[in-house]
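Colleague: Chains as they are written, first to last, in the working numbering: chain A, 231 to 1295; chain B, -5 to 218.
Derived from the structure by calculation, the hints contain no laboratory data.
It is possible that some hints are incorrect.
With a cut-off of at most 20 Å between alpha-carbon atoms, the simulated SDA-like pairs for lysine to any residue come out as follows [to be verified]:
| no. | chain 1 | residue 1 | chain 2 | residue 2 |
| --- | --- | --- | --- | --- |
| 1 | A | Lys237 | B | Val214 |
| 2 | A | Lys243 | B | Thr97 |
| 3 | A | Lys243 | B | Gly136 |
Chain by chain, the residues:
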Amino acid sequence: MIKLFVKSLLFYKRRYLWTFAGLVLAAAILNGALSVGSSVKQSLHDMAAKRLGGIEFLVDARLNPVSQRLSDQLGEKLDTTSVLMMLGSANFQNKQVNNVFVNGIDNNFPNFFPDAPKGIDENTAWLSHNLATKLGVKDGDGFVLRVRNHSLLPGDLPLTGSSDEYIALRLSVKVLPESSNSGRFSLMAAQVPPLNVFLNLAKLQNDTNMAGLVNEIFVRNSDAETVEKQLNEMWLPQDSSMTLRKADNDTVFELISNRVFLPEGIVEESSASKVLTYMANEISFGKKATPYSIVSGIDFEVKNGAIYKNLPELSEDEVLLNKWTADDLGAKVGDKISIKYFVDNEDGKLREDTADFTVKGIVAPEKLDRLLMPSYPGIADEEHCRDWEPGIPMDMQKIRDKDEDYWDEYKGTPKLIINYKSARKYWGNRFGQTTSLRWPSSKGGPEVLKEISQNGVKNSGLSVIDIQKEAGAAASQGIDFGMLFVSMSFFIIISALLLSGLLLAFQLEERRSEMGIMASLGFTSKEIRRRFVGEGLLLSVLALIPGIPLGLIYTKVVIDLLSTVWYDAIGTTEIFMHVSPMILSAGSLTFIIFALVTVFWVVKKFVNTPISEQLSGSKQEQISGKANLKLFYLGWFLLVLSIVLVVLGSDNLFAAASGTLLLSALFLSHGFLQKMRYGKSKAEASLGLLSVRNISRQINRSLGAIILMACGSYLVLNTASRQKSFNLDKSDKTSGTGGYEYFAKTSVPLRYKPDSPEGLNEYVLDSDELAKTQIVSMRVHQGDDASCLNLNRAQNPQVFGISSKEFKGRFNLKDKWPVLDEELEDGSIPVIGDENTVLWGLGLYAGVGSKYEIRDEQGRLQKVTIVGLLKNSTLQGALIMNRKNFDKLYPAESGYSLFLIDVPSEEFDLEENFTSSFLDFGLEVEDSGERLKNFLKIEATYLVIFQMLGGLGLILGALGFGFLIFRNVQDREGELATMQALGYRLADIRQILLKEHLLLLVWSIVSGVLCALVSWIPLFQKGAELPVGRILTILALIVFAGVISCVVSAYSAFRKDFLTVLRNE
Amino acid sequence: MSDVIKLENISKSFVNGAGQSLEVLKDVSLKVQQGETLSIMGPSGCGKSTLLNIIGTLDDFDEGALEITDQKVTSKNVDEYADLRLSTIGFVFQKHHLMPQLTALENVLLPTLKSKIPNAEKRANELFESVGLGDRKNHHPGQLSGGECQRVALCRALINSPKVLLADEPTGALDEESANQLTELLLKLNKDENLTLVTVTHSKELANRMSTIYELKNGVLDKK
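One chain only, chain B, in its complex shape:
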């Protein structure tokens, strides 16, 4: 199986309020195969989300090398990897980040304005059905519960059939039942579509359901 995500000696620093440089990631290396499920855990503020953002080309890094589906990510210009984000990577954030002015269906179809995939609405409807929101697609985010919004966000992330799904605390804002439902959903997708799943989470329940668990501590990533 090929490596769909490859990180080699990634380092990233931030400057703190006192003007000091803080190294958040130190020589982080990681390889993720297609279809693998992976969770990254660690204490609050350790840089988990930063690492996920780097993998998703939402943030840049200071040193090292990154490849997503064999494409090298070298430039700090985020526009260069827009296509990668469009078609290869899907995101689910802790806050769903749905556009409040669009319906659930319109939110899910938003990426297809760019990708122009055929039968986009059909695909969206299928996704709605698969997450159990078939009858809620014409509601606005303000009319949905937190869990429902998160599921809509998941559909949006999957509309273009990405190879990789990156989820940053996907169940962080959900109650237990909703969290479990979402977890099952993610695993089902992994199984059915060979979707590579990388999650950042505090939740041991979610982490334990992943095939591999990493811990990020003091900028160093270790496999558990």
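For reference, chain A alone in the conformation it holds in the complex:
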């Protein structure tokens, strides 16, 4: 049998050449398309490896910096390096570059990135090559780097002191080589290289008030379990800015925090007495008042310390007055006093509340503990009350001499005591509920330390992250570019497969009589099928030999295009070709299966016909019966329907009309062919009529060609109509811009909203001018970009905190924003996201109702639920929640760094009245329309790729017309011979055949094009830019290919004299 295979292939080699060529093409395109996808995926993995260097694990302390001591201790047992990371902006002459990643590194950093700078001196900054290029600097240039002036305390924590928001560092430039891996260092999964600056760690720590602190510790050559174990063993409270000291006359061990409030996790798990000390604006009794007083709430359930000897039990509405306070107010036991205090409002403003208590008792101040007051910055260390700068509005005129005297004598001794539960109720806030914990001294220091340390790491918000695993997941789970590219290549793959299938089928048709012979000789259908399937298998395996290398050439070409002409689709030039044996095997197997299935199906069709028919060769289709006009009438109905849809004239209906019209065209074509086939003879016959009748003799073949070319042309043009031309009116509040003209962000967050009274004052803005605008200020928790600009799957997406009231009527959600303020039954946090972000960025394909988990500031996973989707908005890339939930999850994220600006008045000069005031904060203002265009550019580029590849597919299809001519000539040899015998010259017959096929080609392309143009109507109406030039070029190439193919085939097929056929008979 193998001898029979080989002999058959060799004998029919000329005819098989075309089939072979078709198979090689199909194998090449299929493997090539799959290899593009796998190359992109592997490139993303490579990028992840580059950006992480040798980092395997990280101890994440970004929002809760830890002491360098901890890092050094860990370094004695593990291979570590510590880094202080923050965002900043760089200035050189008149150029400013924002969103620069500033990294303070130590001498161990080069262990993780061998090409990283070593021993950086204090006045030097090493810039990544891309940053240096963008900034226009070279080695030795001086530039200014602005970063946030850090504090352990969040900026909007009441009672924190005010300070400068940013620091400017003047540094000398050194530029990293372009090939440097360390230049690519980033913890965020993205294919776009970051803009990096590397500084001396100590320099950055000292200049930004972060002395001795780091916010990331990297580890390598270890495993997660060991890292966690070592971290837990070595961590001490001081590493997380907490101090254990003796207090209350040494009767207690007290834990306090430099951040004023203790982490809730430590408080909840402790067995200690709890204290919450605050500043009251005023304590009043009748007309008398004591201003600006330290007040404490202490625990009456767990009583540790000598203080309790002097205190009666207090219920939640009772108060114990310090004697000095009682005398100042003239109050006695049983009197009702009021306490006024500030609390943090949801929108970041301070609100003054009042609480009333009944005096239960009076105690001498000496009997209380002055250490009950935490080290409030701006207060604790001041000599005089009038020197206080607590960060809340204070009227210094109210402070009396006696208040100064009290401060001199008693310092922070509370002026009154209430029950801790009440204190928590009134003064507890998102930053914390407790200012100290107290254990009995008798417990012993080591025992207390042990209790605190038990879950100290976790409770202090430190987490160990397997960054390699996350990076792998981000690259693997990201947009499956493989499948995306295969889907964009859909048409060219289908065309190539169909063409090769067609050629295979033609080949087999020619050998039907062989099947008949074998059947007549006693071979079963199964045996006959096996023989031809075997030939098909041999042929397709042979086709892989040139097919795979050709496919890889195709891959290389496409990757080069993705890095250049189609750059916008992936946003990076760092995609390289990777040859994956597994992908090639999958592609090859798919291809072989397709070829075998085609052969099997065709042969099965033939062997199921009577043997006598098989012996006669290809079936001469006899025209019998009547025309089947059901589809014809349906076609007319659909035509009328599509006209109605066009007249009704809404965008969606145009799309439906276009599709309906295409169906109508195909059904009408079928009907027309039927009418021609079965039509009565016409007296005024013509060659034109002959051509049309000839097309109708093989209805299925002709219809197949029409469907392929019409649908293909339709798809290529229709994709142009899918490009989302966002509503060109940026001021439309329901559009993707929300009606906001500008989208702005800062590298250094602003403490105050620009349009608030505090902001106007702080940033020296003209209130009258600013009143002409509407500015929405948002908080941002930095994370992975989950927009379509990022090919990686975001593992820790950005989060925006907003006030739902400020968004009323904006974007497509209009008045549905209050859904963010609802309490969900399962306790999850409601969030909104752009549809692209939710579906593609995060892979939550169910959309609204999907659940997801994000990390809070403490590193704990929090469930969120998608409750709304924005459509094609400027807010892509993040999850959006209300301020209240944001502050709960990220209390340390203070300030505002994202702004949407609506400028209804044309007279408002944004540059003069806004932008110039915030340059030092690294402000970047983007036109909202342009921002949206950038997002849409990606989809638009994908559509262009689909069009180009679809066009290529159609060209292949057009080339297939040439083979149709060969086939038809073969079928009609006898007829053509008869025509010659009747006096037609070969040239005449060639013309007739050419006209037939060109008519079919043009008919099918024109049908597809006209139907697709209906879907363009809404775009014409909106004045959108349409790629007319590109489409016309593609169509011209298709027609050109078809014409050339038909002409070449017509001349090739007509080389012999047909009269030989008649002679042989």
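For chain A, the structure is supplied; the task is to place chain B on it using the hints.
Modeller: This is chain B only, laid out in the frame that chain A set:
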């Protein structure tokens, strides 16, 4: 002598271009004994080839009964009778239907790929000698004349020593000399190997050499 072919009331219809049913064979009955020579004649398009195809299990029939060497042919599934065609029935067609990519010898040996008869090549060589093509066996069909191709087709039909040879217009495409040669060959085989011979032919010369002549007219088979 036993009946090697038995047809009883065979009927077959076709649907024509106008959708009408045409009865090509009406209650055709026929018995052929082993070693008998038989020709079926009739006007063009009368259904002679159809009848031959039915006998050879190349086509099915609508009504009636067919037995070939006592095996009932009932199913319309052609595969069921592959073995019958392999070992009992040999075909010679008007167009020789040789595979152009195989040599004459390879064409003749084609059935033996399935039947696996011993000494197949020896048998083939003997057949080549008997038809006078001993020196042409390595030629391709394209290198042989029409008559030579027809003789090769005959060898192929006989390689498995069938009991019955069905020949549809075997001399139709041949010149007079070649036709006579083939006719003599067929008769010799009949005599030497007791081969049952059923031919369909327009040729009176061939028909007259057969022991029995039937005429098929208007679907009815009559012995002449």
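Colleague: Going straight from one Cα to the other, do Lys243/A and Thr97/B come out at no more than 20 Å?
Modeller: Distance of about 17 Å is within 20 Å: holds.
Colleague: Run the distance test for Lys237/A versus Val214/B: straight-line Cα separation, threshold 20 Å.
Modeller: It is violated: about 45 Å lies between the C-alpha atoms, which goes past 20 Å.
Colleague: Has the given pair, Lys243/A with Gly136/B, been kept, meaning a C-alpha gap of at most 20 Å?
Modeller: The hint holds at about 16 Å.
Hint violations for this structure: number 1 only, all remaining hints satisfied.
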